[in-house]
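K.L.:
Line by line, the protein sequences give chains A and B.
Each residue of the first sequence is one higher than the last, beginning at 1 in the UniProt record's numbering.
Each residue of the second sequence is one higher than the last, beginning at 1 in the UniProt record's numbering.
Do not take every clue at face value.
Which copy is meant is left open, so a pair is good if it fits within one copy or across any two.
Computed list of lysine-lysine pairs in DSS-like fashion (alpha-carbon distance at most 27 Å, straight line) [what the hints assert, rightly or not]:
1. K301 with K135
2. K9 with K147
3. K402 with K337
4. K9 with K68
5. K9 with K178
6. K178 with K251
7. K184 with K402
8. K147 with K337
9. K135 with K246
10. K407 with K367
11. K402 with K178
12. K147 with K349
13. K129 with K367
14. K160 with K184
15. K135 with K68
16. K122 with K23
17. K402 with K284
18. K337 with K135
19. K68 with K402
20. K367 with K337
21. K23 with K279
22. K425 with K407
23. K367 with K279
24. K23 with K246
25. K284 with K122
26. K301 with K184
Rather than coming from a laboratory, the hints here were simulated on the basis of the structure.
As the structure is a prediction and not an experimental result, all values here were calculated from the model.
Protein chains: 2
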Amino acid sequence: MVERRKPIKVNEAIERLMVYSVKGNQEMIPIEQSYGRFLGEELIADHDVPLFDRSPYDGFAIRSRDSKNASRETPINLEVIGEIGAGSVFEEPIGEMQAVRIMTGAQMPEDCDAVVMLELAKEFEEDEKSYFQLKRSFHSGDNVSFKGEDTREGTVLAKKGTYINPGVVALLATFGYKHVPVTKKPTIGIIATGSELLQIDEPLQPGKIRNSNAYMTQAQIERAGGQAIYYGQFSDQFSVCFEQVKNALEKVDFLITTGGVSVGDYDYLPEIYEALGAKILFNKVGMRPGSVTTIAEINGKLLFGLSGNPSACYVGLELFVRPIIRTFLHSSQPFVKKEVAVLGGDFPKPNPFDRFVRADLTYQDGKLIATPSGLDKSNVVSSLASANVLILLPGGTRGYQKGSEVKVLLIEDQMGTTYENFNRK
Amino acid sequence: MVERRKPIKVNEAIERLMVYSVKGNQEMIPIEQSYGRFLGEELIADHDVPLFDRSPYDGFAIRSRDSKNASRETPINLEVIGEIGAGSVFEEPIGEMQAVRIMTGAQMPEDCDAVVMLELAKEFEEDEKSYFQLKRSFHSGDNVSFKGEDTREGTVLAKKGTYINPGVVALLATFGYKHVPVTKKPTIGIIATGSELLQIDEPLQPGKIRNSNAYMTQAQIERAGGQAIYYGQFSDQFSVCFEQVKNALEKVDFLITTGGVSVGDYDYLPEIYEALGAKILFNKVGMRPGSVTTIAEINGKLLFGLSGNPSACYVGLELFVRPIIRTFLHSSQPFVKKEVAVLGGDFPKPNPFDRFVRADLTYQDGKLIATPSGLDKSNVVSSLASANVLILLPGGTRGYQKGSEVKVLLIEDQMGTTYENFNRK
Chain A
1 MVERRKPIKV NEAIERLMVY SVKGNQEMIP IEQSYGRFLG EELIADHDVP LFDRSPYDGF
61 AIRSRDSKNA SRETPINLEV IGEIGAGSVF EEPIGEMQAV RIMTGAQMPE DCDAVVMLEL
121 AKEFEEDEKS YFQLKRSFHS GDNVSFKGED TREGTVLAKK GTYINPGVVA LLATFGYKHV
181 PVTKKPTIGI IATGSELLQI DEPLQPGKIR NSNAYMTQAQ IERAGGQAIY YGQFSDQFSV
241 CFEQVKNALE KVDFLITTGG VSVGDYDYLP EIYEALGAKI LFNKVGMRPG SVTTIAEING
301 KLLFGLSGNP SACYVGLELF VRPIIRTFLH SSQPFVKKEV AVLGGDFPKP NPFDRFVRAD
361 LTYQDGKLIA TPSGLDKSNV VSSLASANVL ILLPGGTRGY QKGSEVKVLL IEDQMGTTYE
421 NFNRK
Chain B
1 MVERRKPIKV NEAIERLMVY SVKGNQEMIP IEQSYGRFLG EELIADHDVP LFDRSPYDGF
61 AIRSRDSKNA SRETPINLEV IGEIGAGSVF EEPIGEMQAV RIMTGAQMPE DCDAVVMLEL
121 AKEFEEDEKS YFQLKRSFHS GDNVSFKGED TREGTVLAKK GTYINPGVVA LLATFGYKHV
181 PVTKKPTIGI IATGSELLQI DEPLQPGKIR NSNAYMTQAQ IERAGGQAIY YGQFSDQFSV
241 CFEQVKNALE KVDFLITTGG VSVGDYDYLP EIYEALGAKI LFNKVGMRPG SVTTIAEING
301 KLLFGLSGNP SACYVGLELF VRPIIRTFLH SSQPFVKKEV AVLGGDFPKP NPFDRFVRAD
361 LTYQDGKLIA TPSGLDKSNV VSSLASANVL ILLPGGTRGY QKGSEVKVLL IEDQMGTTYE
421 NFNRK
């Protein structure tokens with residue numbers, strides 16, 4: 001007897017799920033390991049930038065009032081009484097008609113208020129003293145970068161939950177974060193089920209296929225910012241499977257199972273959820289692939305029952321697991337970025353349900369083009385390698401023509417988006 | 001006296017540099033660690049996909065000839081003599097007017113040549129035997145996925161040098177790669193120079209700034225696919241600096257120095273190159289920032305002398321170091337992807353040289369929009385955190401208006417592009 005399940009919409013599934021999202025705790029890690037992690041607290045400027053008035057050029061620091069009468073017709077000569085390398089401070093007084101050679105980035109001497117660029121100064125020596133000739137006047141502040149003009153001490157430079165890219169690393173270093181507060185990665189257990197699955201290193205056998213979902217989901221979890229823990233694959237016996245799920249659940253923040261969520265005779269997951277006393281949030285979603293995606297909750301901990309079909313498993317992870325991982329990491333934009341693209345090939349299949357199609361993203365004259373992978377069936381496997389977007393084709397249509405405008409999910413993007421933007425039609 | 005240097009164009013600099021690119025060797029790593037690495041050899045299908053004729057649906061495997069006369073008016077009854085779960089093989093003979101229940105993905109029995117979907121079969125029991133009624137005929141091959149129809153054994157599924165994303169991981173698992181051949185990461189030494197630099201955990205001092213380049217470049221190298229080795233920062237003494245460069249050079253595939261390449265009195269790098277006997281490929285590039293970028297070669301090993309200015313250092317790494325790293329990894333698309341975008345804000349500065357401007361990439365109605373970071377100067381520091389493209393503004397212009405079409409380098413993209421595309425105007 002086939003169990004009847006009532007499909008719900010993708011957005012309703014997400015809303016039911018997000019009720020159980022949780023946020024992770026902080027840990028401190030060395031800055032050298034921070035790339036690709038997520039900030040565990042606000043990044044705050046601990047000092048003004050620049051920290052002091054400084055010269056943005058190689059040149060001469062002067063007192064601008066000395067240059068008041070300088071012109072092409074009436075050049076003036078200023079005496080060079082010293083030099084300031086980057087990192088040095090010049091503490092001697094600078095008198096009338098005196099100047100100091102200054103390097104890019106060096107701190108302005110207290111008595112000076114303008115910088116003459118090197119190319120405007122004609123240097124010469126006289127009586128064993130150094131001078132330069134100047135043919136124009138300068139105002140106070142000319143060519144000076146002022147303390148705090150880039151950023152003020154106390155400014156929030158990046159929010160908690162920000163993805164740490166190389167630019168963020170530069171800021172962390174600038175503001176002295178030798179150790180960086182990041183959110184601990186959520187641990188996500190993976191259990192593969194399916195009597196057709198071979199271990200990756202087993203010889204091929206009639207009727208069987210190798211388990212690819214376990215490895216694919218590990219990579220997807222890593223991309224999303226989580227820590228995958230693989231518990232192995234289980235097939236035949238309900239009791240073994242049940243024990244594995246129960247044990248794994250105690251050790252992880254979230255648990256993913258692949259396979260076993262259909263209504264076939266070998267699909268144990270519904271039984272396991274029942275035996276665990278888990279509350280099923282939904283067990284059918286009006287989408288393809290992945291309609292049998294089942295998500296349950298027990299004591300506030302989420303169990304993701306992803307389909308055993310690799311495409312469905314892939315889509316289910318990006319739609320349902322990724323926002324839970326990113327919310328754990330305190331991101332305010334935990335959803336996959338959703339944008340508009342031009343369809344790069346016909347998609348003639350009628351579409352009663354929302355469909356997510358793996359596709360290649362390219363660009364043409366500044367526009368996004370998304371071309372479904374594997375339109376040519378002989379190429380369906382290899383095209384998965386380059387797929388970097390999911391095209392979302394809403395249900396209730398009779399297919400799409402090349403050139404149509406479609407929505408795409410940018411699965412390689414790390415910035416993400418809010419639920420509001422994700423859910424926008 | 002200011003040394004005269006002759007600037008060369010960015011593309012000429014790249015061409016001089018790429019002459020010394022080298023390719024790395026292979027290593028085997030567990031598939032669980034392969035995400036984000038680069039394939040060290042072609043990924044080849046070691047078997048047909050599907051491996052056997054299989055059912056794409058839950059249903060009944062039949063001999064199509066038995067259904068020849070079935071219609072709404074003359075339904076037929078087929079006897080169900082067994083079932084085939086995914087992963088099982090049904091080896092008994094199937095006689096006239098007999099069928100077998102078959103699960104999604106299961107291997108077709110030898111005697112059958114079509115699959116009836118579950119919803120078209122009206123099941124019933126009679127005399128303790130199972131039957132279903134069928135009201136239409138099927139052709140041989142209906143609803144069967146044939147051996148090899150997705151991909152043929154021996155097909156190249158991904159080229160050497162491909163970035164391993166989760167889709168590639170799925171393919172590797174499908175084809176039994178428990179260990180994955182990847183190219184060893186190139187090791188890239190980093191030495192920071194500059195008498196103005198404080199260690200990251202030193203208290204602030206007048207005239208000094210914290211060393212951010214060392215950490216930023218480590219993150220950029222990691223993003224590009226290399227392995228950074230930080231040798232520390234050196235400032236005051238030529239001899240110390242020289243020894244450090246010399247020692248580091250022996251241990252790494254490439255060496256980056258930050259700072260010390262200007263013509264200032266404290267810029268030792270030109271002297272160090274000379275003392276090493278290194279050949280300078282160029283020491284001035286017609287670009288901003290980063291005009292003092294200097295690249296040298298000794299015994300075929302590249303020394304990247306990046307500017308000490310953080311923006312210039314960042315740009316120099318993406319333009320010059322990244323393609324060397326990606327070529328080492330056997331990528332056929334080692335350059336940063338270059339595309340067209342709409343300028344999201346005015347850039348009023350006249351532009352005698354090619355200028356690379358860090359910017360935020362957004363999307364609007366399927367178009368790329370690039371908005372320069374830090375147009376508002378008070379925001380210049382924090383905007384670095386979100387910058388994910390470099391806008392390329394060609395030299396010889398008087399500024400750009402919002403809405404202009406510009407070229408952008410997609411620094412977060414992992415696919416890359418060829419030199420031919422990178423160099424296209």
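K.L.:
For each hint, tell me whether it holds in the structure or not.
P.N.:
Status of the hints after comparison with the structure:
With identical chains, the CA atoms of K301 and K135 are never at most 27 Å apart, being 75 Å at best within one copy and 47 Å at best between copies. For a Cα distance limit of 27 Å, the shortest separation of K9 from K147 qualifies neither inside one copy, at 55 Å, nor across copies, at 35 Å. In this assembly of identical chains, the alpha carbons of K402 and K337 lie at most 27 Å apart whether taken from the same copy (22 Å) or from different copies (24 Å). For a Cα distance limit of 27 Å, the shortest separation of K9 from K68 qualifies neither inside one copy, at 74 Å, nor across copies, at 40 Å.
When the C-alpha separation of K9 and K178 is checked against a cutoff of 27 Å, the pair qualifies neither within a copy, at 46 Å, nor between copies, at 38 Å. In this homomeric assembly, K178 and K251 come within 27 Å of each other (Cα to Cα) only across copies, at 26 Å, whereas the closest approach inside a single copy is 31 Å. In this homomeric assembly, K184 and K402 never come within 27 Å of each other (Cα to Cα): the closest approach is 44 Å inside a single copy and 41 Å across copies. For the identical chains of this complex, K147 and K337 are neighbours neither inside a copy (38 Å) nor across copies (37 Å), given an alpha-carbon limit of 27 Å.
In this homomeric assembly, K135 and K246 never come within 27 Å of each other (Cα to Cα): the closest approach is 83 Å inside a single copy and 46 Å across copies. In this homomeric assembly, K407 and K367 come within 27 Å of each other (Cα to Cα) both inside a single copy, at 13 Å, and across copies, at 13 Å. Taking the shortest Cα distances, K402 and K178 never come within 27 Å of each other, neither inside one copy (51 Å) nor across copies (39 Å). When the C-alpha separation of K147 and K349 is checked against a cutoff of 27 Å, the pair qualifies only between copies, where the shortest distance is 23 Å, while the shortest distance within a copy is 63 Å.
Neither within a single protomer nor between protomers do K129 and K367 lie at most 27 Å apart by alpha-carbon distance, with minima of 63 Å and 61 Å respectively. With identical chains, the CA atoms of K160 and K184 are at most 27 Å apart within one copy only, with a shortest distance of 13 Å there and 34 Å across copies. With identical chains, the CA atoms of K135 and K68 are at most 27 Å apart within one copy only, with a shortest distance of 10 Å there and 103 Å across copies. Proximity of K122 and K23 under a CA criterion of 27 Å is satisfied in neither setting, with 63 Å inside one chain copy and 50 Å between copies.
Proximity of K402 and K284 under a CA criterion of 27 Å is satisfied in neither setting, with 30 Å inside one chain copy and 47 Å between copies. When the C-alpha separation of K337 and K135 is checked against a cutoff of 27 Å, the pair qualifies neither within a copy, at 56 Å, nor between copies, at 47 Å. Neither within a single protomer nor between protomers do K68 and K402 lie at most 27 Å apart by alpha-carbon distance, with minima of 69 Å and 39 Å respectively. For the homomeric pair K367 and K337, the shortest alpha-carbon distances inside one copy (16 Å) and between copies (14 Å) are both at most 27 Å.
In this assembly of identical chains, K23 and K279 lie within 27 Å of each other by CA distance solely inside one copy; the values are 21 Å within and 54 Å between copies. For the identical chains of this complex, K425 and K407 are intra-copy neighbours only, at 9 Å inside a copy versus 30 Å across copies, given an alpha-carbon limit of 27 Å. Within a single copy, K367 and K279 get their C-alpha atoms no closer than 44 Å, and across copies no closer than 43 Å, so neither meets the 27 Å cut-off. Taking the closest pair of Cα atoms, K23 and K246 come within 27 Å of each other only inside a single copy of the chain (23 Å); across copies the shortest separation is 48 Å, beyond that limit.
For a Cα distance limit of 27 Å, the shortest separation of K284 from K122 across copies, 24 Å, qualifies, whereas the shortest one inside one copy, 80 Å, does not. Within a single copy, K301 and K184 get their C-alpha atoms as close as 17 Å, which meets the 27 Å cut-off; across copies the closest is 39 Å, which misses it.
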